[in-house]
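Asker: Generate coordinates for the entire structure from the input sequences, incorporating the hints supplied.
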Amino acid sequence: MTFEADVIAGLPPLRRYARALTGDAAWADDLVQDTAERALVRASAFRQGTNLRAWLFTILRNLYIDQYRARREIAFDDETAPWRTMEAPPREVDGLVLRDVQRALYHLPLEQREILLLVGVEEISYQEAATVLDVPIGTVMSRLSRAREHMRMLLGDEPSQKPTPLKVVRKTP
Amino acid sequence: MNDAPNDRKQKPPIDAAMLGAYVDGELPESQRAAVQAHLEQDAGASACVSAWRAQKAALQALCGPADKASAPVIVLRPRASRLRRFALAACWLLTASGVGLLTGALSSHIGTTAGPAAFAHRADIAYAVYAPEARHPVEVASSEEPHLVAWLSKRLDRRLSAPSLQEYGYRLVGGRLLPGDDKGPAALFMYEDRMGTRLTLYITRASSNDSTVRLLRAGGRSTLYWVANRTGYALSGAIPEPKLRAIAVDVCSELGGKPQAWQ
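Going line by line, the protein sequences match chains A and B.
Residues 1 to 173 (the numbering used here) make up the first sequence, in order.
Residues 1 to 263 (the numbering used here) make up the second sequence, in order.
It is possible that part of the hints are untrue.
Said to hold, decoys possible - If you want a taste of the chain B side facing chain A, the calculated C-beta under 10 Å gives, among others:
#1 D24
#2 P28
#3 A51
#4 L62
#5 G64
#6 V129
#7 A134
#8 L215
Worth flagging that the hints you see were computed from the coordinates, not collected in a lab.
From the three backbone atoms N, C-alpha and C, an ideal C-beta is built for every residue, glycine too.
Answerer: Right under this line is the structure:
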């Protein structure tokens with residue numbers, strides 16, 4: 001396949017990620033458009049044999065962060081936040097449950113939302129996530145745990161309202 | 001970390017990051033087993049793993065499949081020297097999207113899977129959504145099983161029953177009625193084991209009579225589905241497939257199907 005075809009094949013997940021990340025379909029479409037354009041224009045910057053998917057997510061993330069800073073005024077928990085009007089979840093779901101998940105997702109700080117979506121939904125590896133977020137793999141793991149516990153608390157699944165005390169168990173041989 | 005001789009003394013502690021790696025399938029086989037053993041002893045860690053798995057499934061259900069059908073048309077703003085290359089790329093994109101839509105006019109898309117897997121797909125989503133539910137996993141609890149079964153049978157217009165999965169360690173939690181499709185609603189029975197792992201049995205009308213068992217995999221969940229007596233059944237869970245299959249065989253024969261034909 002040519003480089004262009006590879007980029008195109010990588011767009012559907014990118015679009016799904018952008019929609020979930022921004023909670024705004026129009027913004028997401030713009031981001032995907034900008035990402036694809038930048039990727040094709042800067043094709044020469046891509047090192048053959050490295051991970052194209054991670055490279056595309058990295059471009060999208062950088063664009064998003066730039067735009068996010070510029071549009072800081074949008075509060076995700078605002079009554080008029082765009083995610084509230086996004087298309088309804090699939091019909092099988094009576095809506096309420098996923099609405100809770102959706103609400104919780106947009107109450108997370110960006111740093112936690114992006115990692116939950118990258119690893120949880122896009123199912124990229126920790127190694128790829130470390131590349132995309134430009135942090136060590138250990139940070140990926142700790143950030144992910146924090147995000148998950150935060151989400152759990154927001155969804156009210158967490159009985160104690162505080163981080164699960166995980167005992168350190170050592171095996172005595 | 002890699003000194004195998006001291007392995008027993010050097011075992012990394014099982015912390016939240018490791019549980020996360022377990023959920024995401026990022027652990028090497030040796031550590032996986034250690035975490036698994038740990039989960040059997042530590043209810044807190046085990047609840048944490050189920051909650052995180054559930055969260056992951058719910059997020060996947062929320063975000064839906066990555067939609068290949070609505071690939072956008074990318075407009076490349078040409079820069080002189082590379083014009084030709086861009087034109088080529090633009091052609092590719094037009095081909096990829098099938099129809100030349102206008103820039104940014106991306107049709108919004110709700111997943112509609114046609115064909116035999118349609119009810120299996122809905123069953124998978126129902127599992128992804130309701131299995132994580134801590135507060136309202138079912139509408140009617142198993143304490144009212146006769147009422148539950150009678151109610152769902154009436155709504156589906158066929159005699160249903162909730163097969164017992166006791167021998168596999170799963171007890172009935174209860175059930176709920178789901179929208180289904182234009183042929184009618186669907187019933188969902190939910191089961192749970194001691195560790196809080198859940199299975200769902202989705203039942204709906206089916207027009208075909210394809211008794212072959214098929215498998216649908218999505219985001220760490222597996223759904224085995226088949227049709228018997230114009231009724232579609234789908235058993236979903238996030239457990240190893242051989243085990244799910246063994247349970248499905250029993251469910252199928254208990255509900256009047258012929259799992260012998262699955263070989």
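Asker: Can we keep the B/L215 interface hint, with Cβ of chain A closer than 10 Å?
Answerer: With a minimum Cβ separation of about 19 Å from chain A (threshold 10 Å), the hint on B/L215 is violated.
Asker: Grab the minimum C-beta distance from B/V129 to chain A and call the hint holds if it beats 10 Å, violated otherwise.
Answerer: With a minimum Cβ separation of about 5 Å from chain A (threshold 10 Å), the hint on B/V129 holds.
Asker: If you take the shortest Cβ to Cβ gap from B/D24 to chain A, is it below 10 Å?
Answerer: Holds, about 6 Å.
Asker: Would you settle whether the hint for B/G64 is holds or violated, based on the nearest Cβ-Cβ distance to chain A being less than 10 Å?
Answerer: With a closest approach of 7 Å, the B/G64 hint holds.
Asker: Holds or violated: is there a CB of chain A closer than 10 Å to the CB of B/A51?
Answerer: holds, 5 Å
Asker: Is the hint on B/L62 kept, meaning its closest Cβ partner in chain A is under 10 Å away?
Answerer: holds, 5 Å
Asker: Does the nearest C-beta of chain A fall within a distance shorter than 10 Å of the C-beta of B/P28?
Answerer: With a closest approach of 13 Å, the B/P28 hint is violated.
Asker: Checking hints one by one. Is B/A134 an interface residue toward chain A, by the C-beta closer than 10 Å rule?
Answerer: holds, 5 Å
Violated hints for the displayed structure, listed by number in ascending order: 2, 8.
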